[in-house]
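Please arrange chain C with the ligands on chain P, whose structure you already have, making use of the hints.
Line by line, the protein sequences give chains P and C.
Throughout the first sequence, residue numbering follows this note's numbering, covering 1 to 156 in sequence.
Throughout the second sequence, residue numbering follows this note's numbering, covering 1 to 781 in sequence.
Since the hints were made in silico from the structure, they are not lab data.
Any given hint could be a false lead.
Reference excerpt, derived from the structure (chain P facing chain C, CB under 10 Å, subset only) [what the hints assert, rightly or not]:
{"id": "1", "residue": "MET1"}
{"id": "2", "residue": "LEU87"}
{"id": "3", "residue": "CYS102"}
{"id": "4", "residue": "GLY138"}
Derived coverage of chain C by chain P (criterion: at least 3 residues anywhere in the stretch with Cβ under 8 Å from a Cβ of chain P; other residues may be distant) [stated by the list, open to error]:
{"id": "5", "stretch": "8-21"}
{"id": "6", "stretch": "193-201"}
Backbone N, C-alpha and C define an ideal beta-carbon position, used for all residues, glycine too.
The primary structure of each chain is shown beneath.
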Amino acid sequence: MHDIELRVNGHAERASVPAGMTLLEFLRDRLALTGAKEGCGIGECGACTVLLDRTPVTACLVLAVEADGLDVRTIEGEAADGELSALQRAFVDAGAVQCGFCTPGMIMSARALLLRSPHPSDEEIVEAIAGNLCRCTGYEAILAAIRAASGTGGEP
Amino acid sequence: MTRALSCVGKSVPRGDAVEKVTGSARYAHDLALPGMLHAALVTSPHASARIARVDVADAAALPGVRAILAGANLDVRLGLYMRDKRILARDVVRYQGEPVVAVAADTLDIAREACRRVRVEYEPTRAVFDPRDAMKSGAPLVHPDLESYAHLEGVFFPKSNTNVAHHQKIRKGDVDAAIASAEVTLEARFDNPPVQHVPMETHAAIAQALPDGRVEIWTSSQSPYTVRHLMSVVFGLPHASIRVHVPYVGGGFGGKAGLNLEPLVYVLSKAAGGRPVKFVATREQEFNTLPSRQGLHSTIEIGATRAGKIVALKATYVWDAGAYADYGVNVGRAAAYSGAGPYAVPNCSIDSFVVYTNKVYGTAYRGFGHLEVLWGIERAIDQMARKLGLDPAEFRRRNLLTVGDTTITGETFTAGHGKPVECLDAVAKAIEWGTPSTPPASSTKRRGKGIAMLHKAPAMPTSTSCSAIIKLDEDGAADILVSGVDYGQGTYTVLRQIAAEELRLPIDAVHINSDCDTAFTPYDWQTVASRFSYMGGHAVIEAAADCLRQLRFAAAQVFGVAPEKIVCENASAYPDGEPERAIPYRSLALGYVYPNGNAIGGPVIGHGRFIARGLTHLAPDTGQGRPAQFWTYGAHGVEVEVDTETGEIEILRIASAVDAGKVLNAGLARGQVIGGVVQGIGSALWEGFRFDKEGRLKNPSFVDYKIPTAKDLPREMVPILLENPQPDGPYGARGVAEHPMISVPSAIGNALYDALGIEFASLPLSPEHVIARLAEKGTKP
Ligand code: FES
Ligand code: FES
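The shape of chain P in the complex, shown without the other chains:
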């Protein structure tokens, strides 16, 4: 067991975790933050995307101990005080959600993009979500949503 301390969506967390526990397991099973999804468990679908110090990672490939001392941001931290972020609102308005299983990871990848590039080009948008698989929407509405949220500020 390893003791870790980290911040998750702005809250301090302290926990003792097995060496092999992934960040995704830690978030879902320990913190009950089930917004990040497991679509493959081996880094190939993006459904588990969260931000680690503002960088998008596939939480199924990161160990919980690797997040020690870092700042984790998940979909649950995206809406502030019960208000959807402009990015979330854009997903709703653009019809970028069907079954919704890919949505949390997709939004986190888009969030990371907007943090580093508030006015991304279309190429940047495509590149940012190329690792997030969606089987339902055909991506068009997702690209439109991210485009619409462009310029709404790096922060929600």
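Only chain C with the ligands this time, still in chain P's reference frame:
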């Protein structure tokens, strides 16, 4: 409808979108119950073997293991149309990936460790992988006891002592004579590999066997009531003792229809003393253990007059069912009655064989066999057009079904069927058909255009039914209860729009259950076949009418007029012509209270239902009958650019027209078209199972099995929704959810011929495939 629609047809956003963008929507993956155990599977490494010995002693000794089951412990067979499947393989394994032993333990890690400690001895037996080989005499029998299997009698015809699970025949006119005397004939063969649905949420289920014999199930399913019914049939339990919950479902596309993991977690829970047991398929198991889309081998013969009229079409469809055909038999049936395309064919003969092989088994997948048969038909139609020296669009125009024609199953085509030719013309216009592509920027690239038609009807039992309940709340808002599942299509939003329209309520005052629970939400067969908006729409209309009747009845007493004189509008009721006297629904929803305290009426609860009408079984020897509640027609037009050095195909533009009858929600319908087209591009360009010589799946991961990503979008997509009404559809609507995927590969294949002059007969049109064909033809620059 005399008054203008206020809500139906509008692009109302999904009601569940906020939950989904905040991560608060709960899927079966996310659920946990107190005391819940986790299950893991030992699966077969062999495609065909006898199970000689199963030794679980080491696994059972592991602390935290609560139950271990093997096939020998379980003597039941499962299946929707054909009961041919075990919960765990018993005596023999029939495909690589088949579950053999299941463990339930305190944690998933322990369950997986226990699985590693299970020792199974197999004696490999002769396998058969190609369904055409499986049809030959002397082929190993995948199910030697096929004749003893229960199945839907009178609809499916398994052939004893063969690998044929079902043979669907369609016979119209005299096809052999017509082909023999046809002025021009064509024969061609086509192949489709098995593919996966790839819902982003893999299958997951939790069950708890309660001490009094009841069962509670939480599952990622398209079919709460079918799960309940089949659980009842398989385990001999009364229906009321089985309660099935379906929370949000992360995509289905057909793969979550019927019965899947629910029996497995139920028997594990029973064996573990009634503790709840959860099983979540890994992505590899989703590819390798859970069902896929069947492969297909088609042989198509067409006879036509020199003037370009089809006189005969003869087809043989050999479906690669894989090891089980419990659902696949119906794919073979449905694709047969659609198996000549949307054309007027006076002489037709179709033989559709659903054949067992030693591979992962098939089930329903968006399009239900139609993408596969129309890959062949629409490519063959193009080839025939060229043989006749006709423009492929013009050849289609001369043969598309029009009013008064008879379909191959004997149905008369009417104006109410919609207008296939309008779909064709719309996509032709959108891609500037007839105008050559502008030359590509690079000399190693080639461009071409292609067109393909599509059609499909819901494939469902003749007595398929569904129901809806609408309850009015204290504040006069409405709650809809249904058991169809919205796993992304948007039907719940459409049903809210319909209820709002009928009840004269604002859309925000209409709610719908976001999860299904067979204890409370009313019957629906299953959510498949693009029939939920149609059938559920009818049920909601009827339930709303029931509510309005109750509201009018109470209001009539209040106003002292006849109920027919009461108008319901703006969430209130008033005597005709006196809107100023309106009583809001909220004062009627639970009963009206007079100033003196007397009360009348009572809680308003409306009930509506719908059952398929006028459908018949197909005659076993001719396939004649009425299989379809409605047909939806459409077309795609596509322009591609092929890189002759890499074999990569880029879709420059794709226009897709579907005759929706009436668009109930423009935004959601567009989403279905775009999503379907992109899924169809996956089937066209990359997707397909590859097996090694031993029948082991070689690509059960996203690295080796590519699905479309955001990088693969066509440069331009043009969804076109036509509105030639379906007379018996709700507001004139027909189903549209599956259709956009169908015939996308056909249109791309046709465009590829235009670009390269090469006939592609098998899918996918992967870069390797394109390169190989270019090299073969020596056309590689
Ligand atoms: S679950 Fe982490 S990438 Fe798929
Ligand atoms: S919305 Fe279903 S996977 Fe993206």
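For which of the previously enumerated hints does the structure constitute a violation, in increasing order of number?
Per hint list: single violation, 1.
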